[in-house]
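First to last, the sequence lines map onto chains A and B. By our numbering, the letter at position 1058 of the first sequence is numbered 1058, and the numbering carries on one by one without gaps. By our numbering, the letter at position 35 of the second sequence is numbered 35, and the numbering carries on one by one without gaps.
Honestly, the hints are just simulated from the structure, not real lab data. The reader is advised that the hints may include incorrect statements.
The calculated SDA-like cross-link candidates involving lysine to any residue, where the alpha carbons are at most 25 Å apart (straight line), are [unchecked claim]:
1) A:K325 x B:F276
2) A:K483 x A:A682
3) B:K224 x A:S1074
4) B:K343 x A:N959
So the chains spell out like this:
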Amino acid sequence: MRTRGLLVIMLLVSPLVAQESSSESGIEFFEKRIRPVLDEQCIACHNMQKRNGGLSLDHRDGWQQGGDSGEVIVSGKPDESLLMRVLQHEEPGMEMPAKAPKLENHTIADFAEWIRRGAPDPRLKPTQPTNAPSRTWNEIRDERVKWWSFQPLSPHQTTSGDSSAIDQLIDARLSSVGLQAAHTADRRTRIRRLSYILRGLPPTIDEVNAFTQDASPNAWEQCVDRMLASPSFGEYWARHWMDVVRYADTHGSEDDAYLPFAYRYRDYLIRAFNNDVPFDQLIREHIAGDVIAPRWNDQLDLNESIIGTAFWRFVEFNQTPVDVKREEIIVIDSQIDAMGKAFQALTISCARCHDHKFDPISDEDYYALYGILRSTRSGLRVIDAPGKFTQFDQPLGQLAHDLKPALATAWLSEVNAWPERIRSARDWIRSNVNSKTKAEEIEKQVPEAPWTKSLWAATQQPSNHPLGLMSKLTQLEGDDFRKSWTDIANSQKQIHEQVTHLPDDAKELFDLRTSIEGWQPVGAGLPNSPQTQAGGFGIHAGSTNWIGSILEQGFHSNPLSDRHNGVIRSPDFIVDHDIVSVQTCGSGNPRVRLVIENFQGDSLLFETVNQTVNSPTMRWYRMTIRPQWRGLRAHVEMMTRDDKPYVGVVKNPENLEKTDGRSSFGIARVVAHSHASHLPDAPILPIGLWSGSCESSDHLISQLCRETNFAIERLQAGNCTNADARWLSVLIDANILSVPSDSQNEANKIAKAYQTVENQIPIARRSPGVFEDHCAVEQPFLPRGNHKQPQDLVPRRYLEILDGDSSNYAGIDSGRLRLANAIANPNNPLTARVYANRIWHCMFGTGIVPTVDNFGRMGESPTHPELLDELAWQLIESGWSTKQLIRAIVLSETWQRDSLPTASAKENDLINALWSHMQMRRIDAESIRDTMLQMSGKLKTLDQGLGTRVYYRSVFDPNKQSPPGPLDGDQRRSIFLEVRRNFPNEFLTAFDFPKPTAPAGRRSQTTVPQQSLVLLNDPFTLLQSQLWATRVCHTNSETAERIKMFYSDLLSREPTPDELRAATSFVEDQIQLSNETVAWGAMAHAMFNLKEMIFLR
Amino acid sequence: MIQQPYRIDRRAILRNSAHGFGALAFSALFGNAAGAKPGAISLHHPAKIKNVIFLFMDGGPSQVDTFDPKPELNKNHGKPFPMSMDATQFDNNGTMFGSPFRFEPRGKSGLPISELFPQLSKCADDLCVVRSMSAEFAEHSQACLFLHSGYSLQGRPSLGSWIGYGLGSENDNFPGYVVINGGVLPIGGVENFSSAFLPAVHQASMLDAYSGAEPITNITPSYKTQQQRALLDFVHHQDDRFAQTSGSATSALDAAIRNYETAFAMQSAVPELTDFSKEHAATLSLYGVDSKNNLTAQYAKQCLLARRLVERGVRFVEITCVRGIRFVAPWDDHEDLEGGHRKNAETVDQPIYGLISDLKDRGLFDETLLVFAGEFGRTPFAQGGKGRDHNPQGFSIWLAGGGIRGGMAYGSTDELGYRAVENVVTVHDLHATILHLLGIDHERLTFRWGGRDLRLTDVHGTVLRDCLT
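Modelling step: build the complete structure from the supplied sequences, incorporating the hints.
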């Protein structure tokens, strides 16, 4: 591990001289130069109360008494004063200020000057350490914004372009300090280096031979271009960026809930890097890919941009929070942290509880940004072009229009036959209902006739079944009948009366029967207005009777097809009642849910506020509000089954891929009310049934037929009522009314045509993402991060120092689009530098700024600021091309140098701060595993799709953990293995695969015995050894040839004669100890343990 | 202009290093380079203990049923709970629920312990019960992570990792931080034992004491010793040549070569560790390894392993609960508090008593700290009828061993055992105290990551001096 930054700062330090200070008087000097620093940096700990280290600096006597380490300031003698050594970080363990960067050199020089002048200090008594800062935030910010990374890019330092500019800037520094650069590495070393750094895999021996034998002057260039064009380039470079965005397939915490379709983002990145999508475009897609002009992938026929927004969704959250607002803060904090570090290398989330300690970022900046994310909603996004789903709308609409009269005609003639059928159903039930035979036995004998089946089913659940009343009444005659009829008629009329107005304590939040104003329907094929008139078809082609219902008033997803999936979301409201009831219908398991403070989990504690809806008619679904949610912000969402963003524990994600895409919903009203009040569902049976009187079941049957006729006639005439729609929907659901099966029937013909077209609607592909719902809210300022004490609203905007005018962000949109443009901007001083530095880091193993995720005051400074700016310019001027910048770097002399340092470098630049040579480094976890797969000859190429489950030896929580995946990971590269937060991959973790908790642009590079154990004993290593040995032995029969193949496959070179001898004798010994198969397996295994495999020169 | 040759800024390396040498261990590293003996570590202050055994009571034992008697609660059993209540996880809050277990004063100190722990009660004079623990989270995963790492989300190093980072291991053949897995991991899984941003060498090694598979992953040699030796020799020979031709061989390369010998030695050290054949029958009985109760016998095995690890110089040992009560969180008695707690207590009572006694016999008790704690406690009012919900507002843990004042109760909850009210102790305070006993100042054990000098106790933590000798 090397640290460059600090060393170079030391180099740049000029002798400590305080200039232009001699004219000031001693006290004046103290007041101006020393006291503010003491107040701001020292006195919080070194005061009379706290006396850290026994020292107080808040008055003269205090410091004159010294501290635990004795005298601190020797008046007149800075060289003898401990304070100076402490400030200059020369006293190990006592570097001051504590936990803060070293003071600026000019400030340290001021202290020296002050001591030299006899350390005049007018403070005779302890000055209270005050909470009030001695400077305003604006002053502090203006001081801090002078930090190098906030300055505009310096102009080009050289006129030569690309690679030579790099060499020029590197070499200038080398020669200025008299360092000799290493010579160019040999071709074998270079192509191996190139292959690993660009593709994460060793070069094939053919590639090595081709390059080493290519005498043409542009051999290297061609080699570089081939590798840049290789599909495995993207498979390797996408993973670098996944480290930064903390990619994971799950959300961690108790359930490790699954994030469906996250892998689409991984595939998107692979494509993006392979196609060299401009990085500024990728930034816009990550931040606001749902609201920018879509970038269409014509080949795969999908919207790439929208997939970028999955970036916001790689968050850990607790799926059972008692304090749900705290959970929103956790999620948004993680989003701000990731965004700040990924694109700006700024630790913005440090400003959540107070102004940033070191950088020009205020806590107000934090809450301004918070508002943008709070105004952004989460969910699954369909990535297909809307046209794929809507292209059939016109013909379907026409067919539906034609179908209606034909179907009505068919149904009317059908109803003529009903009296006979219902009577026979009645008689069958009467003769069976009181029989001693078990219900299950009778069930098997029920005649196929729909009326009989339905009325029988209703006898089994009389209170729940929509035909329960009908079933009950038809079993009675005489006085019993008349009495029951009268009771039921009265109660039905009463309910009919009740449903026309809400209970007194109820508050109607939304009525979607006439308007969906404020609501956001999202989904291709979803209408953009409600059915204001009842009577359309609700298509549920998944059912046997593919017309699922006649639509009541309200917003419906399926007037044309239940493959038209989507979601509709309400504006925010405050939950201040016991219960929120939603009147809704649906088929195919759509979900209605109340989302509180953007909280996405809807299991366990949140089961009271989400319901799966399966009902052909509108019914009230009650969602009970827990006391602690009262007063919080919420919204209602309703979505088709496959659009549920939260799916809880998913052990076998491949099941999510199996869907017929058919699900639909309708939603009419949202009402808040108390526990006491009851919202009855509207009656099912036609209300006309209960007028006048009724004497017998025969009478009732004929009245029912008459009322049904009326309903069908109104449907036909286009003045269908909600009650008609409900009644007809129940009949359709019971299969009593259906599309005629007679192929000569006009309705049948139209329906067939309809089905043929409708079946062509494809099944949507989805990706995690966010929605812009045009319902922006500001976030109240939270003092010290305490969400229980919200203060004034903070207008949305980006950081004051970068795009701080909140008027640019005002309005109903979240502001993400504006934010994206503020970041993906060549004038933003950080963006291009940060990304260019990341590329340099990946190419060399260390960044020009070593702290790649932190360009703030606590990060390290660039070793070569001019070079960093040059690279940033090259990036911008190439149109933000990743590949061109990589190409410029690998074509530079600097990158091609040998890893052996020259004598002068060994002497003067032990840590290679000036890049006189290439730094040797260990290849990363994925490269180790992928190399092994490549050796076995089984590595899958041109891969994509759902991740492979990770292999485990023991499952300790069968309720939440997947069954183990295959040992060889289906021969897929490591990037295609699932990343479950709670169940990390042990093999990769051993080699520093990063945890997906926060951006990790720079991975740890550890060397621990566990790694040796993995390479010695892990079953994956053993399996790959055996497979490789089998392949080698199959190809060659001679011992020497086999050994040569091992070396050339893995190390891209021939064995030396000495190595050949050693290997031969090793294999022979192993044969003695076991047998030939085992021995060659051991040979392969030994090769996997060579340091030359994992250390790259 | 160059004023001095480049030199390595040791502190900078230390701060940012991912090499596995922490604030304290760093001095050992450079001391080592200068010829000093390994292990010559300078602590922040003299240590009272060398090792910690963390008895994690997964799921949250109830304070009012174990170490915090509440006569008022029993007296008012069945009545509505009179205090204001915070939101609970299940919001199914019933009436006051008196403890079904009898409490008695134990030992010379008279420290009250409930009938759930008849054996442990014999050690009452060794226990310092903290009755005023508080945690911030009422959900298992967050509370477990908080107890283990001082933070409710993934991504922060576990207590054992910080200790390993600070002090290193005393035995090259063993990691510094071992979790003895009885088949149940804390909710949140292995992330509870993560080294997070600290070097990977400090993450816990899981010792599987449950399934019968290899105790530590990849510890079983894949060949016979002679064959493996030949392989290692071949590899070593080649690696040496590679290193020689690498010029400024990096320390990582050297370490990678050296690690093979360590790994080789670990392969035999681990089987030796788990082999109880040389333990006396009386010792096995003392722990309850021969118990007829399978769960007790399993936990006994884990406690015995803990002692054997401590003997071998492992700094931090966590014993997880045993499988057989639930897959996760065995103390999480939402439904049948009485039955569940009896089962849980019976599982651990004899083994923990055995562990304390055995450590004493061997003179290890005074250099070891035992911590008995769940991630939170349970509500004094019922959840539904017979269970208790999660209660982070106040609960009991105990400490015993080196530097601990035994036979005392520290702090208190209110008269109904709901909230910690006197001398409230936070998880950060507990962490600060554990580090303190090991000779570490919790404010000075830091690691720079993400632009901040992070520490286990964040910006909190006070050492519980009243609990220390």
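Going through the hints against the structure:
1. Using a Cα cut-off of 25 Å, the hinted pair K325 (chain A) and F276 (chain B) is violated, with the two alpha carbons roughly 52 Å apart.
2. Between K483 (chain A) and A682 (chain A) the CA atoms are separated by roughly 23 Å; this keeps the pair inside 25 Å, and the hint holds.
3. Taking the CA atoms of K224 (chain B) and S1074 (chain A), the gap is about 10 Å. The hint holds against a cut of 25 Å.
4. The straight-line distance between the Cα atoms of K343 (chain B) and N959 (chain A) is roughly 22 Å, inside the 25 Å bound, and the hint therefore holds.
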